[in-house]
Amino acid sequence: MNATALPHPPQSHGPAQMAWSDLTNALAEATALVETSTEDALDRAEGHRFLLRLLSAAEELFVERADPLHPSFTRVTSPIRKYFGDNPDTVYDSAPLDPTKTYRITGQRGTCCYLAFCVYGSGGPEGNRIVANLADRDLDLSPEGRFSLVLSPEPHPGPWIRLEPDARSVVARQYRANPATEQPASYQIECLDATEATPPPLDEQRVARGVSHAATFLRTVAQRTAAAAASAARSPNAVSLHSRDGAAAFFGTPDNAYEAGWFSLEPDQALVLTLRPPACRYWSVQLWDRWMESIDARYHQGSRNHTQVKPEPDGTYRLIIAERDPGVGNWLDPAGHRSGWFCVRWLLATETPSPTVEVLPLSSLA
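Take the sequence shown: its letters are residues 0 to 365, numbered as in numbering that gives the first Met the number 0.
It should be emphasised that the hints constitute simulated quantities derived from the structure, not laboratory data. Built from N, CA and C at the ideal position, the CB exists for glycine as well. Misleading hints may appear alongside valid ones.
[What the hints assert, rightly or not] Label pairs and their computed distance ranges (CB to CB):
1. G326 <-> H241: 55 to 61 Å
2. T349 <-> H12: 55 to 61 Å
3. E153 <-> N177: 21 to 27 Å
4. R74 <-> A31: 26 to 32 Å
5. A334 <-> P200: 41 to 47 Å
6. D192 <-> G326: 55 to 61 Å
7. G157 <-> S20: 46 to 52 Å
8. G157 <-> E28: 41 to 47 Å
9. E38 <-> A193: 34 to 40 Å
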């Protein structure tokens, strides 16, 4: 049999090749981080899946929908793509921005619990900061619930967000306290300064930029997530993270207050969170795995909002984290995790109380 030698690939060090090499290095670094962060087999398996999910988000955010002259919203999280402490009750959509351009977002408010548009910039101490946030209470809604919002560096009449020089993305959030009965909001974004109706054909430079941003995204999210878990795990079964500690680094919203901590339980133990909610638009308690991914809401009750809980006779609420349902209500299912995150979030709250945290024998709750 005659064998034909395969041609050697061209030795090229163009921008796309260099960016791709950086991405593969970033993936190797993130993989090592996953494998050295925990000895728990479930955590490691979810960590490898977490990196795949980050790559999925990065490809869409930085390659497919990265053009700020022809922007569109990317559905950032879903039941199978999560990071940075997602909330199953929240829809997150992100679009790229050029701070020198003018944009218009138009849409329909719907009846969801809350709708807001938050602009993020790159000028904060963590490489990320909240530039501005405009919520539904600030939108000039028509009788039919329609709205129009302008984002630009110069003032504009009506609902307006100033784009400061470091602005790079806008995230739309809609909270759904009861998705079965609420009508979701809908919206779209356009750049008013675009001179061409369609983007130019893909080229090596655009791919290189997208891949480079994907590498940075992968490194940043993996490192921040692993560091936050390691820090919280040093103070288990207590509130150890507050929104004042730098929620912007995790793309938080200024309309929320967050109280979070690390649970670590044996099979016969339960962690009981007791809280008295303030006046607010929405509140919830939820669980995340080590990688700040919400527990899969399709199969497990890992989150409960204010419409899904029963109060105690004194008006407080008890949320119970345990391996199995103790049968006394307000159970949060950790889906096989002995440890992970719990998070309380208050939306547009008049105050931000911390829950009391107590570890009890599971049998004492029955």
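Run through the hints listed earlier and report the numbers of any the structure violates, in increasing order.
As far as the earlier hints go, 1, 3, 9 are violated by this structure, in ascending order.
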